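Residue numbers (this note's numbering), protein chains in the order written: chain H, 1 to 289; chain R, 1001 to 1358.
FYI, nobody ran anything at the bench for these hints, they're computed from the structure. Careful: at least some of the hints might be erroneous.
Below, a list of computed lysine to aspartate or glutamate pairs in the DMTMM-like style, where the Cα atoms sit at most 25 Å apart [as the list claims (entries may be wrong)]:
hint	chain 1	residue 1	chain 2	residue 2
1	R	K1199	R	D1186
2	R	K1148	R	E1203
3	H	K194	R	E1310
4	R	K1188	R	E1087
5	R	K1148	R	E1136
6	R	K1174	R	E1087
7	R	K1125	R	D1149
8	R	K1192	R	E1159
9	R	K1148	R	D1196
10	R	K1174	H	E185
11	R	K1192	R	E1203
12	R	K1174	R	E1130
13	R	K1174	R	D1149
14	H	K194	R	D1292
15	R	K1192	R	E1216
16	R	K1174	R	E1136
17	H	K194	R	E1075
18	R	K1192	R	E1240
19	R	K1122	R	E1094
20	R	K1174	R	D1317
21	H	K194	R	E1159
22	H	K194	R	E1094
23	R	K1125	H	D223
24	R	K1148	H	D223
25	R	K1341	R	D1292
26	R	K1115	R	D1149
27	R	K1148	R	E1087
28	R	K1341	R	E1300
29	H	K275	R	D1149
30	R	K1192	R	D1214
31	H	K194	R	E1087
32	R	K1122	H	D114
33	R	K1115	H	E185
Now the in silico label distances, taken between C-beta atoms and shown as ranges [said to hold, decoys possible]:
hint	chain 1	residue 1	chain 2	residue 2	range
34	H	A174	R	T1038	29 to 37 Å
35	R	A1129	H	V34	56 to 64 Å
36	H	A109	R	G1092	15 to 23 Å
37	R	G1035	H	F120	57 to 65 Å
38	H	P116	R	G1035	19 to 27 Å
39	H	M270	R	E1203	50 to 58 Å
40	R	G1036	H	V30	34 to 42 Å
From a predicted model like this one, the values you see are computed outputs, not experimental measurements. Note that beta-carbon positions come from the ideal geometry of N, C-alpha and C, so glycine has one too.
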Amino acid sequence: MAIITDSRTGPASRTRRPLTLDSMVRSALVVLFVVLMVVFILGPLLWLGVRAFAGNWTFPNLLPDDWTLRWWQVVINDGALGVAVQNSLFFAPLTVLVSAIICLPAAYAFARFDFPGRRFFLISLFATNAFPKMGLFVTLAALFYALNLMNTVLGILVVHVLGTVVFMTWIPAAAFAAVPRNLEEAARDAGASKLRVFASVTLPMALPGIIVAAVMSFLASFDEAQGTYLVGAPAFMTMPTQMYSLVLNYPTQVAAVFSILLAIPSVALMLAAHKHILGGQLAEGFQIK
Amino acid sequence: MTIHEPLTEPPASTTEPGAAAGGGLTIRGLHKILGGRTIIDNLDLSVNEGELVSLLGPSGCGKTTTLRMIAGFLEPDAGSIEVEGQEVSHLGAENRPSAMVFQNYALWPHMTVAKNIGFPLKLRKMSKAEINDRVETVLELVSLLHHKDSKPARISGGEQQRVALARALVQEPKLLLLDEPLSNLDAKLRVKVREDIRKIQQELGITTVIVTHDQEEAMSMSDRIAVMNAGRIEQYSTPEALYARPETEFVATFIGSMNRVEGSLNNGLISAGGDILGIRPEDVILHDVPFDGALPATVERVVPRGHFQEVYLRRADAQLRSFVTGELMQPGQQTYAEIRKAMTFRDGRLVAESGAAR
Ligand SMILES: Nc1ncnc2c1ncn2[C@@H]1O[C@H](COP(=O)(O)OP(=O)(O)OP(=O)(O)O)[C@@H](O)[C@H]1O
Ligand SMILES: [Mg+2]
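Next up, chain H with everything else stripped away, as it sits in the complex (with noise of 0.2 Å):
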């Protein structure tokens, strides 16, 4: 058997391509990049982790002094606080149930009917998000008392709920009227009732938007403290209303374990709903109209 041996794949392949001072010049700015990147968006979070674990931590010392778990003892151990979590993870997914029964046919509305004020409508629901919220949340509370919804669950919901029905009609709607009426058509044609359409073809083709929106009011409900203090004090205290009692009463490592306890749904919530959409079917979708 002959070998053959190609001539001009010997050279060719041990040839590298010189530095560049263009390409130094790029690789310099990636890197200046990655470093900005990490001392403004990591250093917090860093130091927000060092932080709560830390126990003495003299002033120019770049680590703490001592390392301890004492502060998440802390916070464990606190009864108050496991109240607030405890409120806080029943408040946010029953305002997205609420947000979400209440937006959803709006949203759908709103992107497949043509209705006298729709655009009004629409706009209007931007306008509630202008003004400054504190102002909204006065006006809401005297009305509270009236009809006695002060700290009340029903008065809380109403509050997170407001805070949500921007995302929950305006990302769905875009997502219904992205469904192509071919689509809906064709479902149709096979002899699919109007409703049945909506559940098999146009509901799942909007199901990422619906989730993007699900997901930034579950964060919305979460996050809300001045309407919540205002509304639910001191009946009723979330996390992040909790949070203002503990940055004045314990020490700030206290209000470092709780940040990142508080962070944590958040960030879990993120990381699912980024596998979901962007590795889902939203991506493969978007070929075929």
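Starting from the structure of chain H, add chain R with the ligands where the hints point.
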């Protein structure tokens, strides 16, 4: 010089359409106004059972509008639509015995190929096993069994087209509707898929209406062609008849190619006059030597078209185009051109056909 054959060879139609008796599709007095304009104007059409009919016409003439009214996505302002003798115009799309293949296929991207095809059966409350059986049968028919579990976005355009066809066929519709089913495919694939569609349609004997603006597609697939223009049907006949005996100037121009000359033909010579003459390029015959009925002509331009050439000629009486096979002609070359056949149109309608000495 040789005589070139007509370019579009109509297929031997297998089933000569019989009288419309109950079966098939019957449309009467269909009328639709959209945006203040009459889009479909009192349209009548009857398609026999098992027949494949093309709606052929220029862009904007109302083909899609007609098809969407048949499918039930659009409500006609007037007129009746009967499928197998049953009036359907009051029914919603979901209750009509027709199935449609959309121009862009409209496959559901979140379902696999099998789920897409199985969906209509699921709606009919069939058992899982039966759905699976039928889906596999129809996938085999369009030779796509290997893509059963693929998502639509992962398969090629031609394959998507066949999935869309399979999704329609699995419903065993009484009427199959296709809106420009091949326009998103490349030229070669288009020829193959249209043969596939025709074969399957004949095997299953499904009454079929295809919308297209591609005359070659219509000519090669259809039992009959309805040529549409501005919301009306100009002529409804077999591909052969459409080409050989166009009833209007529009049809003659739209189907195939035509020399349009004002005047009348006398002994092979065109003399000025009020009528319109339509002369097919293949009816302009070139001779190397003087020939009875042929006039001297000069070649002005030659456009090679692959297996033939399009030759622009100047005769004493007119400028003509001719389709010629054989060795390439040269501009400036002298030849003798004979008009073997011409159609005469008056007010857009065919009034006479003259075949000169044959
Ligand atoms: N909803 C509508 N409102 C107003 N005009 C419309 C509407 N739908 C269609 N038309 C008009 O009706 C005419 C026919 O449209 P149609 O889609 O049936 O044409 P077509 O024959 O399918 O053309 P093409 O080959 O380009 O698809 C067009 O002039 C179009 O502008
Ligand atoms: Mg069309």
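Evaluation of the provided hints:
1. K1199/R to D1186/R: Within the cut-off at roughly 20 Å; holds.
2. K1148/R to E1203/R: Distance of about 23 Å is within 25 Å: holds.
3. K194/H to E1310/R: violated, 55 Å
4. K1188/R to E1087/R: This hinted pair is violated, its Cα atoms lying about 40 Å apart.
5. K1148/R to E1136/R: Holds. K1148/R to E1136/R sits at ~8 Å (cutoff 25 Å).
6. K1174/R to E1087/R: Distance ~13 Å between K1174/R and E1087/R Cα, so the pair holds.
7. K1125/R to D1149/R: holds, 21 Å
8. K1192/R to E1159/R: holds, 12 Å
9. K1148/R to D1196/R: holds, 19 Å
10. K1174/R to E185/H: holds, 19 Å
11. K1192/R to E1203/R: holds, 17 Å
12. K1174/R to E1130/R: holds, 21 Å
13. K1174/R to D1149/R: The hint is violated at about 28 Å.
14. K194/H to D1292/R: violated, 71 Å
15. K1192/R to E1216/R: holds, 13 Å
16. K1174/R to E1136/R: holds, 21 Å
17. K194/H to E1075/R: OK: K194/H and E1075/R at ~17 Å, within 25 Å.
18. K1192/R to E1240/R: Holds, at roughly 22 Å.
19. K1122/R to E1094/R: Satisfied, since the Cα-Cα distance of roughly 14 Å is no more than 25 Å.
20. K1174/R to D1317/R: violated, 55 Å
21. K194/H to E1159/R: violated, 28 Å
22. K194/H to E1094/R: The given pair, whose Cα atoms are some 9 Å apart, holds under the 25 Å limit.
23. K1125/R to D223/H: violated, 47 Å
24. K1148/R to D223/H: violated, 46 Å
25. K1341/R to D1292/R: holds, 15 Å
26. K1115/R to D1149/R: It holds: about 8 Å lies between the C-alpha atoms, which stays within 25 Å.
27. K1148/R to E1087/R: The given pair, whose Cα atoms are some 36 Å apart, is violated under the 25 Å limit.
28. K1341/R to E1300/R: Measuring from Cα to Cα gives roughly 22 Å; hence the hint holds.
29. K275/H to D1149/R: holds, 22 Å
30. K1192/R to D1214/R: With a Cα-Cα distance of about 15 Å, the restraint between K1192/R and D1214/R holds, given a limit of 25 Å.
31. K194/H to E1087/R: holds, 22 Å
32. K1122/R to D114/H: violated, 32 Å
33. K1115/R to E185/H: holds, 17 Å
34. A174/H to T1038/R: 29 to 37 Å: For T1038/R against A174/H, whose Cβ atoms are near 36 Å apart, the range 29 to 37 Å holds.
35. A1129/R to V34/H: 56 to 64 Å: Holds: the Cβ-Cβ distance is about 57 Å, inside 56 to 64 Å.
36. A109/H to G1092/R: 15 to 23 Å: At roughly 21 Å between Cβ atoms, G1092/R and A109/H fall inside 15 to 23 Å, so the hint holds.
37. G1035/R to F120/H: 57 to 65 Å: Hint violated: Cβ distance 26 Å, outside 57 to 65 Å.
38. P116/H to G1035/R: 19 to 27 Å: At 20 Å between Cβs, range holds.
39. M270/H to E1203/R: 50 to 58 Å: About 54 Å separates the Cβ atoms of M270/H and E1203/R, which means 50 to 58 Å holds.
40. G1036/R to V30/H: 34 to 42 Å: Violated, since G1036/R and V30/H (Cβ atoms, about 60 Å apart) do not stay within the stated range.
When held up to the earlier numbered hints, the structure conflicts with 3, 4, 13, 14, 20, 21, 23, 24, 27, 32, 37 and 40 and fits the remainder.
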